[in-house]
Every structure is written in C-alpha cells, then in structure tokens.
Amino acid sequence: MFKIVNVITDNQKFTVASIIITLFLCYTFSLFSNLPQKNYDTSAMARKGKMVWQKYNCNACHQIYGLGGYLGPDLTNVTSIRNTKQLTAFIKSGTKSMPVLNLTDTEIECLIEFLKNVNSTGKSDPRTFQIQKNGTIHQ
Amino acid sequence: MEPFINKKYSYPGLFLRTGLLLLSIGLIFGLTGALQYILLGFIKQYISFEKIRPLHVSSVVFWIILGAIGSVLSYVQQHSGKKLHSEILLKIQFYIFCVSIISILISYFFGVFGGREYWEFNPLFALPIGIGWILFIINFVKTLGSFKNQPVYVWMWLTGIVFFLFTFLESYLWLFPYFSDNVVNDMTIQWKSYGSMVGSWNQLIYGSSIFLMAKISGDKSIGYSKISFALYFTGLTNLTFNWGHHIYTLPTHDYIKHISYIISMTELILIGRIIYKWRLTVSEARKHFHIVSFRFLSAADFWVFLTLLLAILMSIPGINVYTHGTHVTVAHTMGATIGINSFLLLAVAFDIFPRNNKYLSLAFWIANISLLIFWISLIIAGIEKAKWQMRAIQSPFSTMMMDIKPYFISFFISGLALIIALTFIILPLFKKENTRK
Numbered sequence: 010m011f012k013i014v015n016v017i018t019d020n021q022k023f024t025v026a027s028i029i030i031t032l033f034l035c036y037t038f039s040l041f042s043n044l045p046q047k048n049y050d051t052s053a054m055a056r057k058g059k060m061v062w063q064k065y066n067c068n069a070c071h072q073i074y075g076l077g078g079y080l081g082p083d084l085t086n087v088t089s090i091r092n093t094k095q096l097t098a099f100i101k102s103g104t105k106s107m108p109v110l111n112l113t114d115t116e117i118e119c120l121i122e123f124l125k126n127v128n129s130t131g132k133s134d135p136r137t138f139q140i141q142k143n144g145t146i147h148q
Numbered sequence: 002m003e004p005f006i007n008k009k010y011s012y013p014g015l016f017l018r019t020g021l022l023l024l025s026i027g028l029i030f031g032l033t034g035a036l037q038y039i040l041l042g043f044i045k046q047y048i049s050f051e052k053i054r055p056l057h058v059s060s061v062v063f064w065i066i067l068g069a070i071g072s073v074l075s076y077v078q079q080h081s082g083k084k085l086h087s088e089i090l091l092k093i094q095f096y097i098f099c100v101s102i103i104s105i106l107i108s109y110f111f112g113v114f115g116g117r118e119y120w121e122f123n124p125l126f127a128l129p130i131g132i133g134w135i136l137f138i139i140n141f142v143k144t145l146g147s148f149k150n151q152p153v154y155v156w157m158w159l160t161g162i163v164f165f166l167f168t169f170l171e172s173y174l175w176l177f178p179y180f181s182d183n184v185v186n187d188m189t190i191q192w193k194s195y196g197s198m199v200g201s202w203n204q205l206i207y208g209s210s211i212f213l214m215a216k217i218s219g220d221k222s223i224g225y226s227k228i229s230f231a232l233y234f235t236g237l238t239n240l241t242f243n244w245g246h247h248i249y250t251l252p253t254h255d256y257i258k259h260i261s262y263i264i265s266m267t268e269l270i271l272i273g274r275i276i277y278k279w280r281l282t283v284s285e286a287r288k289h290f291h292i293v294s295f296r297f298l299s300a301a302d303f304w305v306f307l308t309l310l311l312a313i314l315m316s317i318p319g320i321n322v323y324t325h326g327t328h329v330t331v332a333h334t335m336g337a338t339i340g341i342n343s344f345l346l347l348a349v350a351f352d353i354f355p356r357n358n359k360y361l362s363l364a365f366w367i368a369n370i371s372l373l374i375f376w377i378s379l380i381i382a383g384i385e386k387a388k389w390q391m392r393a394i395q396s397p398f399s400t401m402m403m404d405i406k407p408y409f410i411s412f413f414i415s416g417l418a419l420i421i422a423l424t425f426i427i428l429p430l431f432k433k434e435n436t437r438k
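In order, the protein sequences belong to chains Y and B. When you number the first sequence by this note's numbering, it's gap-free, plus one each residue, and the end is 148. When you number the second sequence by this note's numbering, it's gap-free, plus one each residue, and the end is 438.
Each hint should be verified, as a subset may be incorrect.
[To be verified] Heads up, simulated DMTMM-like pairs for lysine to aspartate or glutamate below, C-alpha to C-alpha not over 25 Å straight-line:
(1) Lys101/Y with Glu118/Y
(2) Lys101/Y with Asp114/Y
(3) Lys83/B with Asp19/Y
(4) Lys125/Y with Asp187/B
(5) Lys142/Y with Glu268/B
These are calculated hints, taken from the structure and not from any lab test. Keep in mind the model is a prediction, meaning the values are calculated, not measured.
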C-alpha cells in the first residue's frame, strides 16, 4: 500500500519534465536572440587574432575572465599593463614555462589586436568587482 | 535483470574497457602536466603544456563518455530483458568513436587544435562524434521500446542522451560569427553549453549507478519512488539553469547570474538528502561492503558530499569572487571527475566484469586517501592564489606560483599514489575472470 501511494504517475512525470524543458528552451532561445553585448566593434584583425589564440591553444595555460588554464596568468586585461613591444617580446621569446611557438609577425599582430579587443569588453581583476546586496557580482 | 552483457567481448563491455584504457592514458598525461608545474619547462621542447593539457582532458572526458555509453547499453539490456536493437549500429558507433579519438590524440601531438576548452580538437572531429551519438540514441530508444511506467534511471539515461547531443551542438555555435565575434557573447554560450553538458553525462552515470544500487539491494522500488523523481527533477533543473555559476565574473546578463544563484541553492536539497540518508547508507554498507562495486558506490557517495559542498560554496557569488580562476575550481573538477564519475563507472565496470583479488581492497583505500590529499592540496593552492589576487600590491604571477609550489609537490605526490592505486584497480578488469564476486 505504501509503495502505491509513494509512486508518481507517468502523467505527473511528463507534466513536470515538459515544464522544465519548455522553460529551458525559452531561456535558451531568448538568450540566443538577445546576446549580452550588442554594441561592440570587432575588427577583422581581432577576429583573426581569436583564431590564432585557438590555433595555438593559448587557453591551455592562460585564462580570459578567469576561465582557461592555470599555468600562466589571466590575459583579459594584459594590454592595459603591457605595451605591444613587451607582448611581442614575450610571444617571440617565450618564458621558462612557455615555449617559443614560432608565430609569424602577422599572427602576433592579430593576436595582440584580439587581446586589445578582449580588454575593451570589461575587467577580470576581482579587486574591481562589487558584491551587490542580493549577493551577485557586478562589474 | 538477465545479464546479456557478460560475454567476454560484448561491445558495451568494449566501450567500458576502451574507456578504462583512455583513463590510464589520461592519468599519465595528467601526471606529466603536474610535473610541469613543479619543474618549469620540463620537456617543453618535446611536448609543452598546451599539448599535455588537451591530451589529459580529452582522454579523461572520453573515458567518462565511453564509460557512460558502455554502462547505459549494458544496463538497458538488463532492464528491458531484451538484446540491443542493432549490434551493427553499435559496432559502427564503436569504431567511429575509436578512430575519432585516436585521430584527436594524434592531432594534439602535432599541435593541431580547435582551441576550445574541453573540446580542444579541430571542429571537423565533432562531426563523427555527433553521428556516433545519434546511432547511440537510435539503439537506446529502439531497445527500450516503451516509455510507459519507466523507473527514474531510464528517465536519467534519456535526459543525458538527448541533452548531451543538444549541448554538444550548442558548443559549436562559435563557428557562426554571430555568436563568436564578441568574446563575452562567445564565452556566455560556450559555458552555457559546457555547464549543461557536464550535467547531461552526469545523468547517464547517475542513472547507471541507481540501476546498480537497485540491482545490488534487490529493491526495485528505489527507481520508482516519489523522492527519486523529486531528486531527478532537481537534477534536471540544475542541468538546465545552473550553468551560470561558471561565468559570475563575466560581464554578461545579470539575470543569468541571478537564475543560476537561485537554482544552485536547490542543490542544498540534494546535500540534505545525503545527510538524511547517511545512517541508512552506513547500515547498507555493512551488508554489501564485500562487493567491489558497492565499495565504489559508497566512495562516490562520500565524494558527492564533498564535491557538492564545495560546489554550493563556489555558487555563492561572494565566495566565487575569491575562488574563480583558482585551483579551488580544479579541486572541484577533480573531485567530480575522479571521486564521483570515475568511481561510479568503476562500480559499473566491476559489476559487468566481476573481479576481486587481494590487492583491490588496499588499492581502493590508497586511491581514496590519496585523492583526498590531492583535493586538499588543490584547495589550499587555490586559497593562496585567491589571497594573492585580492592583494592591493601583487607580486609577479611567477613569484606567486613559486610560493604555492609546496602544494603542487603535494598534489604531484598524491597524484602519483592515486595513479598507482588506480592501476591496481583497473588492471584486473582487463584480465580473464578468475574470482567471482
């Protein structure tokens, strides 16, 4: 008797699952049609630079907005603290842990343009974040 | 629950064994990567970290995926009492996956990348993987037949299978400039798909573990009770809406963060349930602890508790500000992939290939203790990095990494012990059956 009372019917299961999945689909497609950043300017060079970032798998060691690897530093705002010459030197010579990846000059230019573009989208330094009264983070 | 799958070379079994092989490979690459944290530049002229990391991550991710497929295909036969709908589809799927995975690993050695976290391979390889997954869906649905009055684990398998395909496709939206031109938009969609994708393979694995629990205890009602479905729907809600906690620090829509924060707190229900069930679990453990599978189920229960606790803490934005981008996140990932996913899949593997020997018990305990030390080392390293991130005047990144080196050494040594223990656990699963459980 206990087991019969304790069992949930198929109709109830389908109803609950349908509600959750419908909400998920609405959430998904509303996000797709209304992406977070609308007024942006990504140059062709920065787009190419993004492909360079992916081609050399820079994400394995470096982070953007705290997402990525842990062996190297977060590069979201690196162009605010290092100039093009310094960044070019890093990329060309490598470091103790970073290999020389033999990027072409054009690839280096595009990559730095991409990093400048990333820098323009926001800040990743947690010291600059504000924790709001409702507990969420605001930049 | 008639076992159709204990044939020596059944394809569901082959999925599991191939997965175990990938786990072994992934562990070796993981250890090499850990060594590069301690000895900076170690063998970087031959294989640098941007190659080692994807080799490690992809091997382990494919272990989880192949293991999950193997477990579902084995248990759906036992559950339905029918053989798989099509052995040919299964073989095609198996060989598609094998060829794709081998090609992916080779491509990493040659420095060919797609460069996306988790799926670092060239996007062309996504095509055969997607096709293989569709064959898996066909075989699963046709084998199952009817959806009437199915237990919770069937719902979980179906959820995992469908959502994996959806999120896998979603993770390739970056190929369209509309999604990828702006880095914040790109990362929002990327982590939306990844967050739900992890939830989807968890559904496959948790479903198999509930089936196994019901099988060991002989109590089929586990899969039909209201509480099981309540927990399933909580899990489904988290799978669909909780992905935002990965991107609290991204300048994305505020509502994504609010929804995720609220939903992530429903996980407290799951943790409350674990604590409530603790006494019962202990008494059950006494009854079944001699069974190797049950030991891994119990260990996973412990790791679910620790990982969920850490996940809930990390889901609180005020704490996430400190932990984000630190090794605390790595500790969470390692706890989930090794302590939960791998231990649950090992429980399934020991059910499908019943093995026991005098080393297993010792290896089991060494694996758990070393994983705990490994996990704690990462958390301490993460806390130290968090403190550094918040300092008004920061030392250079390389100095901070040198300062936390002792924790990386502890992480490496415990990782080595974990690998040795897991080797002793995995090896019998490749040998001929000599001892019945």
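Status of the hints after comparison with the structure:
The straight-line distance between the Cα atoms of Lys101/Y and Glu118/Y is roughly 12 Å, inside the 25 Å bound, and the hint therefore holds. Restraint check for Lys101/Y and Asp114/Y: satisfied, since their Cα atoms lie roughly 9 Å apart, inside the 25 Å limit. For the given pair, Lys83/B sits about 22 Å from Asp19/Y by alpha-carbon distance, which is consistent with the 25 Å threshold. In summary, the hint linking Lys125/Y to Asp187/B is supported, as the alpha carbons are separated by about 16 Å, within the 25 Å threshold.
Proximity of Lys142/Y to Glu268/B is assessed by CA-CA distance (about 22 Å); at most 25 Å being required, the pair is judged to hold.
The structure shown violates none of the earlier numbered hints.
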